[in-house]
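These protein sequences, in sequence, are chains S, R and H.
192 is the number that the working numbering gives to position 192 of the first sequence; each next residue is one higher, with no gaps.
Count along the second sequence from 1, then add 679; that gives the number in the working numbering.
Count along the third sequence from 1, then add 1017; that gives the number in the working numbering.
Worth double-checking, as some hints may not be accurate.
To be verified - Derived list of chain S stretches under chain R, where covered just means 3 residues or more per stretch with a C-beta under 8 Å from a C-beta of chain R:
| hint | segment |
| --- | --- |
| 1 | 408-422 |
| 2 | 478-489 |
As the list claims (entries may be wrong) - Simulated restraints, written as ranges between beta carbons of each label pair:
| hint | chain 1 | residue 1 | chain 2 | residue 2 | range |
| --- | --- | --- | --- | --- | --- |
| 3 | H | D1049 | S | D55 | 51 to 59 Å |
| 4 | S | A262 | H | N1073 | 25 to 33 Å |
| 5 | S | D31 | H | T1331 | 24 to 32 Å |
| 6 | S | G659 | H | A1020 | 53 to 61 Å |
| 7 | S | N581 | H | N1073 | 29 to 37 Å |
Hints were generated in silico from the structure; no laboratory data involved.
All of these numbers come straight from a predicted model, not from anything done at the bench.
For glycine and all other residues, C-beta sits at the position ideal for the given N, C-alpha and C.
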Amino acid sequence: MFRKATVTLIGIIALALSLTACTNDPYPGADARRKIYYTSFNEAPKSLDPAVAYDTAAHAVTGNVYDSLLEYHYLKRPYTLIPGLAKALPKREAAKDGSVSYTFELRPGLLYHDDVAFALAGKGADGKPLRTREVVAADVAFELMRIADAKVGSPVVRKFAVIKDLLEFRKRLRALRAASADFTQMPVHRQYERAGGIAGIEVEGKYILRLKLSRPDPQLKYWFAMPFTTPVPWEAVQYYDGEEGRPHFRDHPVGTGPYRLAFYEKRLRMVLIKNASWYGVRHPDWKAPGATYPTEGSAVDKRRGRLDPAYTGKPLPFIERIEFRLEKESIPAFNKFLQGYFDRSGIISESFDKIVQNDALSPEMIARGIRLEKSVQASVFYIGFNMLDPTVGAKAGLRGRKLRQAMSLAIDVREYLRLFQNGRGVVAHSPIPPGLYGYDRKYRNPYSGFDLARARKLLAEAGYPKGIDKKTGEPLQITFDTGSTSAQAMLRYQYFINSWRRIGIDVEVNATTYNQFLQKLKLGAYQIYFTGWIADFPDPENFLFLLESSSGRKQSGGSNYSNYENARYDQLYHAMRAMENGPKRLAVIRQMIAIIERDRPWIELFHDESYVLSHPWVKNVKSFGLSYPVLKYLDLEPAMRARLRKKWNAPIRWPLWIGLALLVVFVAPAIFTFFRERQ
Amino acid sequence: MSWVSNIIVALLVAGGAYVWIWARSNRLWREAMRALVRRRRFALIILGVYVLIGLLDAVSWVGGDGVQGVAASEARSVIDRIFKPSIFREKSYSEPFAQVEFVGGAALTFPGQHVLGTDILGDDVLYKTLKGVKVALLIGGLTCLVLIPLALLFGVSAGYFGGKIDDAVFFVMSTLASIPNLLLLIALIMALGKGTLQVCFALGITGWVGLSRLTRAETLKLRELEYVQAARALGVSHPTIVMRHILPNLAHLVIITFALLFTGLVLSETILAYLGIGLDGSWGRMIDQARNELSRDPVIWWNIVAASSALFILVLCVNLIADALRDILDPRTLRERP
Amino acid sequence: MLAFIVRRLAFGFATVLGVLFVLFVLFFAVADPDDMAIRAIGERASPETYAAWKRNHGYDKPLLINPEYDWTSIQRYTDTLLVDHYERMLSFRFGRSDSDDTPIWTRIREGAGPSLSLTLPLFVLGLIVGITLSLFVAFFRGTYIDRSVLVICMLGMSVASLIYIIGGQYLIGKLLRWFPISGFDPDPAVIGRFLAIPILIGVLAEFGGTVRLYRTVFLEEVNRDYVRTARAKGCGEIRVMLRHVLRNALLPIITNVVLAIPFLFIGSILFESFFGIPGLGALTVEAINGNDFSTLRTIVYIGALLYIAGQILTDICYSLADPRVRLGAEASA
């Protein structure tokens, strides 16, 4: 308590001091000349467990702390896989029975970052407890078993169900746990051993990992370029159990990445510092593709300065420290970016017109040396219908379909983008976003796009002329569930409400917090909802599976929130999934889109377009486009940053003097009178 | 549901008329009213306008004028019918009295007719601001409807009967008073859920303690007065004494506290709106929605200025009236409270 | 004397029990444990997971009566949520947050520092500014200064605090660039910068109410007999104000102020969440958004506890200073 009082006292003194020397620099002065990259986060991620984390906020950390076996080439587009922790891309072998196996070989000599948890692994040669150990193939197998483990609660089990015996392992484990309490007392990796492991995962020696699949799955390789499949040491999972003052594993990542999480103050900051035991740092001589700045890129990359000879072929990472600062609101965060206190930022819609003019940076921004990266994000935002609903769903048959079509035609997406996103975004006609295989720029969905006359006609055909049910004479009423209660979000929802109102449909918004929204989705007690999906990997399967029936929300808790069920669509999906890209696959994708085009389980709205600004002192900037960013390729020029910050942030003091002068003028007569009277 | 609010309006108007007639028949009250009108004529007129707008917005019925773009089942108030929000709108922002859209400069449907401009969805800001009047009055009024009877019940019974009842009431009051106000409010709304009734109920629960203390202390004094003692000695029943002698003498306290509470309630709704547990259509919500527009470049000021001035003027008028009321009705017992 | 203190403490304890009962009704009866479990784990959990969650957080017992026990057994009435709730709160074992499982005690300990570092200077500065200004106004009572300050106060009181915050941040942070727009860092070298804007705005927003209040207090003192005597004896007006009026008016002001001290801990909910200061106020807002009932419950409890403690201390101090003050007198206050 005494210490706190001292701190407070110092705070007050500091306050008094700072009133005389006012500055808006939010960082200690000593850090100005260090290579520290500043960025913001708006909410502490719920979990940093690589088997669980599945949102952009968490990936911002896990993507840098956990290395994956494969990675994407930083500059090449379309996305190209390169080996990360693996020595090379996996070898694929097809067996006669139609099953397939993939073999990964890990680099030898990889180490985890320094952590006390490794004391569980024993003592080192010097007799002291171990602080790190070598990464082995069994660690990847362990992580895959964690994904299968129902207790871990990984959201992507289904994706790995293609590995032989994985789902059976899940069941065995559950049964063993239910059968005996002693079993649950054992360390987790022992439990997995006791459950017999997963037959489809073979570990050979220290470095070879072989996966046996029940059917070909071309997309599986992409999952090995995500933090889900990173090697995880069992020591960390066992040690960080949330007891006796130790944090949970989900709040204390122990990994193999270029950075490690050094400070994690959920309500203040997350600090990543360079991992001294990363293979790129310890063995620059390896010239490993995942630890060296690329030497190849396109002409655009060259022009944009991403192939600067000062960097090409140099060992990564360049930045010593990454600070994520909590910024709950976007506007202060953006203002701090403009003041030079964050290094990169998106553009908030409030300031867009000032920053971007005629689709290029404004002269003011150019004069500051700020650069703009535009890219269409592989994402889709949509309004979905719950197909289990008796009014808007499949049960209403043709009526329901016509109603959905009418509602889809009533929304002017272009106008929505203009009002709320400054026109940023591409109007969506199918779930597949631009840049992914199967996207057709010329394709127009005849049941979307803005057409009020047709919408009214379809509504009448559905039996609701002007929004009144012909049979009952009752007005049509629909509820719209959304997952945000912020004032800004409410305005967006209101836009949709107004759109439907124009054709006479009365829709009521039911806005709740995100968690409650998810709960409602689970119970299936909703009619229409608004959400979005960002690509995990560059393949249309990652979007089309959102309407496949076996991942129906109600049925299996999957991501098909619309509970859409169409036998033909499912059949096509299964065929498409196993195909390599080519004309045959494209034909199948077209057929799938044609089905949902008429059925309208979704109103596809738009594909988000991202505009990222960078200050001139940030080097090697390239938009990544997938759901997690990679910071190891970036570099900074701290001296330039310090100079420009100073230039941009000179405080304006004259109002203070004017205010004081006014005060004196106001008070002086009274004081004057008082002294005169006294004499 | 429109008939409920219509009935309430009728009751309010009838009740107001009754109070007016009763107050005029009583010399003391008539003089107090005159004094108030003399000192705060302007504030009273403005407050009257607010109340009128609120009442006009509360009277509503279904169907009627065949306006396009309205869901058929919707009951619309007089204000809605004057403004016809489904037609009288633009696509997006426009400045007050503007001829063209604010962003892009496309022609407006109703050039020069939006007195306070339009918001991001093209809704008329004057209309939205006027709609906020009802919500503000509702927050103040409905809450006091919960609060005043509760406070009187506890305060008077504690003061009048004393003894065990007093101890019990005193205990309940200290308990509620020892939970910081805003926290109790948040806790109540979290447990009860969001919504107009819940929020007003929560505000009422958190606010009654202050008034209850005052009425209790005052009742203690009144109880000892000679004519009350005499009435007791004559065997007049307790309810009669309370109705005849105690309550009328508490009326001025209730009125002043009501005026003081009202501003506090309306102002605290803005905090609730910021926390995301406020009421739909309130000025607090409008301010919360518009605060980001200040960061736009060029700045969009009319939304936040409209909502905050409407709020400011109402609160200022009520504050001024409360101030005068305190001077007129009771210069001594009620000093300013923090 | 001792009897008074004992009685006062007993009454304080009873109030604490009352507060806990209010909390029980709100967070166990109105919003029940099943509800909380669903909101905490959300979507796809199995019934066993819900049961496990409730067990982990200690919500797995019946509310008032435990039917597992025979009606003769005392445990029928003690092995319940009601008793657990009292036991846990009174022994300060607050358990874990409903939303992210971190120990609540840790979060509160972490939040107290930032909250205090904001509210303490705000409180002290507000007091100094309020007293100085109202003394100044009282000194010039009846002149144009008095009248115009009163008008300014009335205007100032009628503005919503949200508007002060929005406007202040925009003006001082964005346009004038005096201090960082928002954020926090406990590092003593920079902490002051972050607190400057909220403190300035806080003092400004409060000033209308406090100046009016203190002015009435001062004016009341000014007209007292002893002041007139002092003046008649030839004391200068400034000396009268500082030596006599201020000293005597300080007592009622301090009484007022002491009751506000516990609120310091809770911090200013609005300021903290608006400026991103990770104190208890911001914690409260997070608890609201995350449906984190256990944290909310604890914060309300601690707030009430501090308030009650503050009241008891004031009462005891008073009764030491002035033996006429007793519980009965306090009760009719």
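ask   = Taking a Cβ-to-Cβ distance below 8 Å as contact, does the segment 478-489 of chain S have at least three residues touching chain R?
value = Our answer is that it holds, as 4 residues pass the Cβ test (under 8 Å) against chain R, meeting three.
query = Using the C-beta atoms of G659/S and A1020/H, is the stated range 53 to 61 Å upheld?
reply = Holds, since G659/S and A1020/H (Cβ atoms, about 56 Å apart) stay within the stated range.
message = Taking 29 to 37 Å as the stated bounds, is the beta-carbon spacing between N581/S and N1073/H within them?
response = 48 Å, violated
key: Whether the CB-CB distance between D31/S and T1331/H falls inside 24 to 32 Å   = Distance hint for D31/S, T1331/H is violated at roughly 45 Å.
message = Can you confirm whether chain R covers the segment 408-422 of chain S, using C-beta to C-beta distances below 8 Å and requiring at least three such residues?
response = holds (count 4)
query = Is it true that the C-beta distance of D1049/H to D55/S lies inside 51 to 59 Å, as the hint says?
reply = 30 Å, violated
query = Is the gap between the beta carbons of A262/S and N1073/H within 25 to 33 Å?
reply = For N1073/H against A262/S, whose Cβ atoms are near 30 Å apart, the range 25 to 33 Å holds.
In summary, the structure is inconsistent with hints 3, 5 and 7 from the numbered list given earlier, while agreeing with the others.
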